[in-house]
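> The lines below spell out each chain.
There are 2 protein chains.
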Amino acid sequence: MSKLSSRSAVHNMKEVMKVSLGEAEADLAIVNGNIVNVYTGEVLAGDIVLIKGDKIAYVGKNADKSIGSITQVIDATGKTLIPGLIDGHTHLDFIYSVSELAKYAIKGGTTTIITEVSGFVFPLGYQGIIEFLRSARNQLIKIFVTAPSMVTINPAAKEHLLNVDQLRRLLRRKEVLGLGESYWGPVVEGDPRTINLIAETMKAGKKVEGHSAGARGNKLQAYISLGITSCHEPVTTAEVLERLRAGLTVFVREGVARSDLEAISKIKDENIDFRRLALATDGLEPDQLINNGYMEFIVQKAINLGFEPIVAIQMATINVAQHFAIDDTIGGIAPGKYADIIIIPDLKTIQPECVISNGLMVAKDGELLVQPRKHAYPKSTQNSIHLPSNFTAEDFAIPVKSSRSQVKVRVIDLITDSLTREAIIDMPVSDGLAQLDISQDILKIAAIERTHQQGKTFVGFARGTGLKYGAIASSMPTDCWDMVVIGASDADMAQAVNRIRELHGGTVVCADNKVLAELALPIGGVVSLEPMETIADKLRNIQQAVVNLGCVLPNISNTLAFLASEAVPFLRICQQGLIDIRQNRIIDLMVD
Amino acid sequence: MSKLSSRSAVHNMKEVMKVSLGEAEADLAIVNGNIVNVYTGEVLAGDIVLIKGDKIAYVGKNADKSIGSITQVIDATGKTLIPGLIDGHTHLDFIYSVSELAKYAIKGGTTTIITEVSGFVFPLGYQGIIEFLRSARNQLIKIFVTAPSMVTINPAAKEHLLNVDQLRRLLRRKEVLGLGESYWGPVVEGDPRTINLIAETMKAGKKVEGHSAGARGNKLQAYISLGITSCHEPVTTAEVLERLRAGLTVFVREGVARSDLEAISKIKDENIDFRRLALATDGLEPDQLINNGYMEFIVQKAINLGFEPIVAIQMATINVAQHFAIDDTIGGIAPGKYADIIIIPDLKTIQPECVISNGLMVAKDGELLVQPRKHAYPKSTQNSIHLPSNFTAEDFAIPVKSSRSQVKVRVIDLITDSLTREAIIDMPVSDGLAQLDISQDILKIAAIERTHQQGKTFVGFARGTGLKYGAIASSMPTDCWDMVVIGASDADMAQAVNRIRELHGGTVVCADNKVLAELALPIGGVVSLEPMETIADKLRNIQQAVVNLGCVLPNISNTLAFLASEAVPFLRICQQGLIDIRQNRIIDLMVD
Numbered sequence: 000m001s002k003l004s005s006r007s008a009v010h011n012m013k014e015v016m017k018v019s020l021g022e023a024e025a026d027l028a029i030v031n032g033n034i035v036n037v038y039t040g041e042v043l044a045g046d047i048v049l050i051k052g053d054k055i056a057y058v059g060k061n062a063d064k065s066i067g068s069i070t071q072v073i074d075a076t077g078k079t080l081i082p083g084l085i086d087g088h089t090h091l092d093f094i095y096s097v098s099e100l101a102k103y104a105i106k107g108g109t110t111t112i113i114t115e116v117s118g119f120v121f122p123l124g125y126q127g128i129i130e131f132l133r134s135a136r137n138q139l140i141k142i143f144v145t146a147p148s149m150v151t152i153n154p155a156a157k158e159h160l161l162n163v164d165q166l167r168r169l170l171r172r173k174e175v176l177g178l179g180e181s182y183w184g185p186v187v188e189g190d191p192r193t194i195n196l197i198a199e200t201m202k203a204g205k206k207v208e209g210h211s212a213g214a215r216g217n218k219l220q221a222y223i224s225l226g227i228t229s230c231h232e233p234v235t236t237a238e239v240l241e242r243l244r245a246g247l248t249v250f251v252r253e254g255v256a257r258s259d260l261e262a263i264s265k266i267k268d269e270n271i272d273f274r275r276l277a278l279a280t281d282g283l284e285p286d287q288l289i290n291n292g293y294m295e296f297i298v299q300k301a302i303n304l305g306f307e308p309i310v311a312i313q314m315a316t317i318n319v320a321q322h323f324a325i326d327d328t329i330g331g332i333a334p335g336k337y338a339d340i341i342i343i344p345d346l347k348t349i350q351p352e353c354v355i356s357n358g359l360m361v362a363k364d365g366e367l368l369v370q371p372r373k374h375a376y377p378k379s380t381q382n383s384i385h386l387p388s389n390f391t392a393e394d395f396a397i398p399v400k401s402s403r404s405q406v407k408v409r410v411i412d413l414i415t416d417s418l419t420r421e422a423i424i425d426m427p428v429s430d431g432l433a434q435l436d437i438s439q440d441i442l443k444i445a446a447i448e449r450t451h452q453q454g455k456t457f458v459g460f461a462r463g464t465g466l467k468y469g470a471i472a473s474s475m476p477t478d479c480w481d482m483v484v485i486g487a488s489d490a491d492m493a494q495a496v497n498r499i500r501e502l503h504g505g506t507v508v509c510a511d512n513k514v515l516a517e518l519a520l521p522i523g524g525v526v527s528l529e530p531m532e533t534i535a536d537k538l539r540n541i542q543q544a545v546v547n548l549g550c551v552l553p554n555i556s557n558t559l560a561f562l563a564s565e566a567v568p569f570l571r572i573c574q575q576g577l578i579d580i581r582q583n584r585i586i587d588l589m590v591d
Numbered sequence: 000m001s002k003l004s005s006r007s008a009v010h011n012m013k014e015v016m017k018v019s020l021g022e023a024e025a026d027l028a029i030v031n032g033n034i035v036n037v038y039t040g041e042v043l044a045g046d047i048v049l050i051k052g053d054k055i056a057y058v059g060k061n062a063d064k065s066i067g068s069i070t071q072v073i074d075a076t077g078k079t080l081i082p083g084l085i086d087g088h089t090h091l092d093f094i095y096s097v098s099e100l101a102k103y104a105i106k107g108g109t110t111t112i113i114t115e116v117s118g119f120v121f122p123l124g125y126q127g128i129i130e131f132l133r134s135a136r137n138q139l140i141k142i143f144v145t146a147p148s149m150v151t152i153n154p155a156a157k158e159h160l161l162n163v164d165q166l167r168r169l170l171r172r173k174e175v176l177g178l179g180e181s182y183w184g185p186v187v188e189g190d191p192r193t194i195n196l197i198a199e200t201m202k203a204g205k206k207v208e209g210h211s212a213g214a215r216g217n218k219l220q221a222y223i224s225l226g227i228t229s230c231h232e233p234v235t236t237a238e239v240l241e242r243l244r245a246g247l248t249v250f251v252r253e254g255v256a257r258s259d260l261e262a263i264s265k266i267k268d269e270n271i272d273f274r275r276l277a278l279a280t281d282g283l284e285p286d287q288l289i290n291n292g293y294m295e296f297i298v299q300k301a302i303n304l305g306f307e308p309i310v311a312i313q314m315a316t317i318n319v320a321q322h323f324a325i326d327d328t329i330g331g332i333a334p335g336k337y338a339d340i341i342i343i344p345d346l347k348t349i350q351p352e353c354v355i356s357n358g359l360m361v362a363k364d365g366e367l368l369v370q371p372r373k374h375a376y377p378k379s380t381q382n383s384i385h386l387p388s389n390f391t392a393e394d395f396a397i398p399v400k401s402s403r404s405q406v407k408v409r410v411i412d413l414i415t416d417s418l419t420r421e422a423i424i425d426m427p428v429s430d431g432l433a434q435l436d437i438s439q440d441i442l443k444i445a446a447i448e449r450t451h452q453q454g455k456t457f458v459g460f461a462r463g464t465g466l467k468y469g470a471i472a473s474s475m476p477t478d479c480w481d482m483v484v485i486g487a488s489d490a491d492m493a494q495a496v497n498r499i500r501e502l503h504g505g506t507v508v509c510a511d512n513k514v515l516a517e518l519a520l521p522i523g524g525v526v527s528l529e530p531m532e533t534i535a536d537k538l539r540n541i542q543q544a545v546v547n548l549g550c551v552l553p554n555i556s557n558t559l560a561f562l563a564s565e566a567v568p569f570l571r572i573c574q575q576g577l578i579d580i581r582q583n584r585i586i587d588l589m590v591d
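Residue numbers (numbering that gives the first Met the number 0), protein chains in the order written: chain Z, 0 to 591; chain D, 0 to 591.
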């Protein structure tokens with residue numbers, strides 16, 4: 000979305016209109032296709048689509064006068080045209096850069112993305128969003144953001160959150176479609192800062208994206224009553240239905256965090272209006288993008304699960320565009336819309352043979368025809384790990400005041416690879432220090448503030464990784480300024496942290512004083528500059544390394560990312576201590 | 000919509016949330032009703048609606064804790080609840096004041112209105128909109144406007160149109176939802192001013208309302224390609240379908256200009272998505288409001304014509320709210336939405352027994368419980384008729400240069416009460432002046448610029464009124480600064496104009512030097528300060544007076560309103576001459 004001056008905007012509008020009128024030649028014409036009309040829910044055969052610049056000029060049968068010597072003609076006989084797909088809720092603020100993601104988006108026909116950006120804001124502040132927006136400009140696809148609400152119960156965070164004035168400035172931008180997901184717990188407790196941000200966003204007429212995982216009944220409605228407009232967290236048909244009835248747009252999620260589509264697919268048999276049902280990824284891992292693809296995979300899955308193909312396509316096009324009120328130019332094949340069109344073999348087979356984005360043919364038969372722009376990130380974005388000095392094993396000691404041989408502590412108990420609960424367990428004490436216990440699979444876990452508080456550290460215990468040796472650390476946990484490190488050895492924990500410091504961010508596995516695997520994440524400590532395939536390799540190496548050390552978790556990077564987030568229940572870590580998500584407060588490690 | 004400070008907005012949000020949570024008592028509870036859920040298209044039985052302040056706090060079964068001694072409880076056993084109705088395209092800029100209209104809106108359950116305001120802007124300029132917005136504030140119902148595009152081919156108008164800077168200022172207001180209808184003809188011709196306004200409106204992320212009467216195929220698509228988002232002009236099912244497929248929201252019109260619902264009702268049998276089909280009035284006459292009601296009448300008509308009741312209700316609620324992107328707070332019964340609810344006997348009977356607007360019960364059994372605020376219009380709004388002196392019969396003379404006894408002229412030929420065409424007719428010349436000919440039903444018609452050019456007058460001929468004596472004049476033609484007067488006598492024409500000057504605006508019938516009937520329209524020369532019923536009486540008197548003078552037109556006020564508008568084909572009048580709508584240019588009266 001380049002910023003056109005009004006003058007050239009008017010010029011371009013007139014040029015498009017000339018093509019509609021048959022007074023000028025189109026740049027591109029797609030002929031003989033079956034066109035999915037997401038507005039009426041029809042498939043219309045034999046219309047010609049004329050494209051001028053980045054816009055659709057005409058869809059219909061009377062196009063001959065506009066097809067001339069400069070017009071590139073695509074014969075879509077027997078094929079089906081659908082609008083470019085939209086991911087309505089994702090996270091381009093982790094792991095891979097925008098240009099790397101864009102490759103996979105383009106290949107598969109995802110031409111518009113609405114993303115959260117808190118991953119950039121925690122380490123880099125307001126300037127982090129601005130830099131993200133710069134990286135997202137002129138990327139062949141359209142990328143919009145929601146301003147991060149940064150809901151947190153960490154008292155130390157308060158002074159570093161985005162303020163209302165910064166939010167206002169962001170909301171004035173066209174690329175900012177609203178306020179990003181605000182975790183419902185603290186909000187329903189009455190958190191004045193978030194409610195204020197919501198009020199500001201509504202005043203600006205923009206969307207207030209929600210995150211109501213597990214909420215229902217009165218609490219869900221209390222949250223929605225503030226002006227929340229969407230949720231991407233329902234995991235059952237009943238949860239979807241409850242949210243649709245309450246007026247929310249529901250993004251059914253298929254991504255790294257969860258795959259909910261199959262579980263909620265029974266909704267297709269409800270005789271209801273699906274206009275507010277949509278699809279989204281909530282973020283995808285490199286391997287998912289490489290092996291499955293992007294939104295085309297998810298729309299295909301919806302069709303395979305029995306959704307009417309047109310409904311499934313609407314769920315990833317017009318429904319999303321309408322939710323964000325960008326449907327004036329995005330989400331359908333009609334005059335005046337951006338020419339974002341994908342050609343598929345037939346209505347039930349979402350395998351893009353040709354992808355047109357902003358009027359350009361950008362991919363054909365799964366091959367990129369144009370390379371996304373590689374953004375030159377300034378140095379200032381690559382220096383967000385602020386630790387005063389190297390860590391040593393002693394930094395991970397847990398001193399115990401009493402002289403007992405055991406101490407009762409709260410352990411973060413991994414009940415799945417992302418869900419946790421509190422376990423109260425007696426841990427051995429030796430030399431006045433609480434000890435981990437590999438035999439019980441209880442290791443040390445630490446959160447280290449790495450941006451503002453320069454190394455402030457809290458050390459606790461976690462059960463369920465399976466790790467027998469070594470340590471793994473990452474500067475990429477979501478929703479905070481912390482690094483998280485888990486280890487069976489204090490010395491390896493220190494080394495992993497120190498290596499991240501050297502890399503200016505990353506995920507590192509260490510054992511026996513050696514770095515076993517690593518991925519550098521220099522941009523804000525959260526994003527790599529390497530190609531998607533390299534990142535995927537390195538993440539596989541990291542996973543293999545921890546598996547070799549005994550880890551039983553399917554995706555250690557993912558688990559580390561969530562261990563400091565308040566998004567997922569029930570017990571989390573931050574540099575101030577343990578966070579009880581249900582009580583919305585910080586609690587002590589020691590029980591007595 | 001009062002401007003809440005952010006602080007009190009946050010306070011109110013928290014108060015609503017307490018009610019959702021069962022921690023505070025609701026102001027109002029509606030129990031035991033069947034609730035139409037416009038989001039899912041369901042009717043859900045037995046849910047309780049809790050209201051706090053102007054918002055809905057909760058919809059569900061677990062509401063006991065929030066119903067207490069301060070809670071007013073409405074028992075809706077056996078009844079149906081639907082959202083307050085929305086008129087998505089109308090004209091509150093003519094005839095009656097906002098507070099008079101509000102009475103009928105409230106009685107019938109219309110709680111949100113989106114209106115054009117060009118009627119205020121032509122006579123009063125930018126300040127006219129501001130004054131309209133003031134009059135629309137705190138009216139028990141919500142009133143939004145679209146900024147007038149003021150499309151005109153009248154060259155004299157150019158310097159008095161709203162400019163881009165004024166449009167920008169308007170678009171920054173929350174009550175301004177976009178750019179008002181721009182007649183497609185001049186726009187498709189490339190009118191740079193209008194295209195510029197459209198570009199500005201799109202830049203602001205707001206709607207560009209359309210007016211594509213009669214357009215189809217390439218011309219229609221050329222118009223839409225500029226970014227047009229709606230049309231309220233289709234008169235056949237085919238026209239509706241063509242526009243829906245092109246991505247427009249279609250407002251089916253039932254009002255003073257036309258009644259299109261019956262003609263297009265076959266669309267109900269198309270197996271298509273109706274999300275972009277909506278209902279609107281495009282303006283109603285006092286008699287229509289008094290005899291039929293407002294949107295409730297139109298929704299009922301849609302149901303009677305065979306639309307599924309829920310679809311018909313969606314067409315006057317969520318579909319409209321979604322079109323204007325005000326659905327975050329308007330258009331459905333759900334937590335966080337404005338408490339705009341009407342209680343009807345059953346799904347098929349749109350007869351509001353109780354109307355709740357902004358959380359207040361405002362009408363019961365068709366009786367108002369609260370009176371809309373009567374706006375105190377400043378003096379500056381009541382002084383828009385600027386004529387340098389009284390007119391005389393001589394001002395309506397049509398001098399002919401040649402000495403022939405006949406002159407070939409273009410006559411505005413009324414083929415219906417609003418459609419006109421050009422007729423080339425030889426008119427008698429006497430004393431060097433072209434004469435009217437009552438025997439052929441060809442009278443004089445004049446347009447008088449009454450705001451900027453202080454009396455500049457063009458006189459021509461019109462056929463088809465039936466008038467045998469006297470004259471009728473009005474300062475209320477749409478889309479211009481002109482008064483229009485038609486007469487069988489130059490002297491009566493002068494007297495009618497002079498009386499309007501005395502009244503500071505109005506519609507006046509004169510014959511034999513006497514005023515036979517009149518309606519004063521002092522606000523901008525277009526709006527009366529009298530009660531709706533008085534206005535209706537006076538309009539009936541005016542119609543009766545012209546019928547007594549021989550008039551065969553069913554509604555002379557209506558015909559006068561459109562005779563200077565470029566909205567309706569084919570031959571129109573302005574103070575510069577005749578306007579050929581198809582050619583988009585001013586043409587001469589004399590043919591040779």
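Just so you know, these hints were derived from the structure itself, not from any lab.
Take these hints with a grain of salt, some might be off.
Copies of one chain are not kept apart here, so a pair can be met inside one copy or by any two copies together.
[Said to hold, decoys possible] Derived DSS-like pairs: lysine-lysine, alpha-carbon spacing no greater than 27 Å straight-line:
1) K347 - K13
2) K455 - K300
3) K173 - K202
4) K218 - K17
5) K400 - K300
> Does each hint fit the structure? Answer for all of them.
Taking the hints in turn, this is what the structure says about them:
1. K347 - K13: Answer is neither; intra-copy 37 Å and inter-copy 47 Å both fail.
2. K455 - K300: Neither: 45 Å inside a chain and 69 Å across chains, both beyond 27 Å.
3. K173 - K202: both (15 Å within a copy, 8 Å between copies)
4. K218 - K17: So K218 and K17 pass the 27 Å test across copies only (10 Å; inside, 54 Å).
5. K400 - K300: So K400 and K300 fail the 27 Å test inside a copy (56 Å) and across (80 Å) alike.
When each numbered hint is compared with the structure, violations occur for hints 1, 2 and 5.
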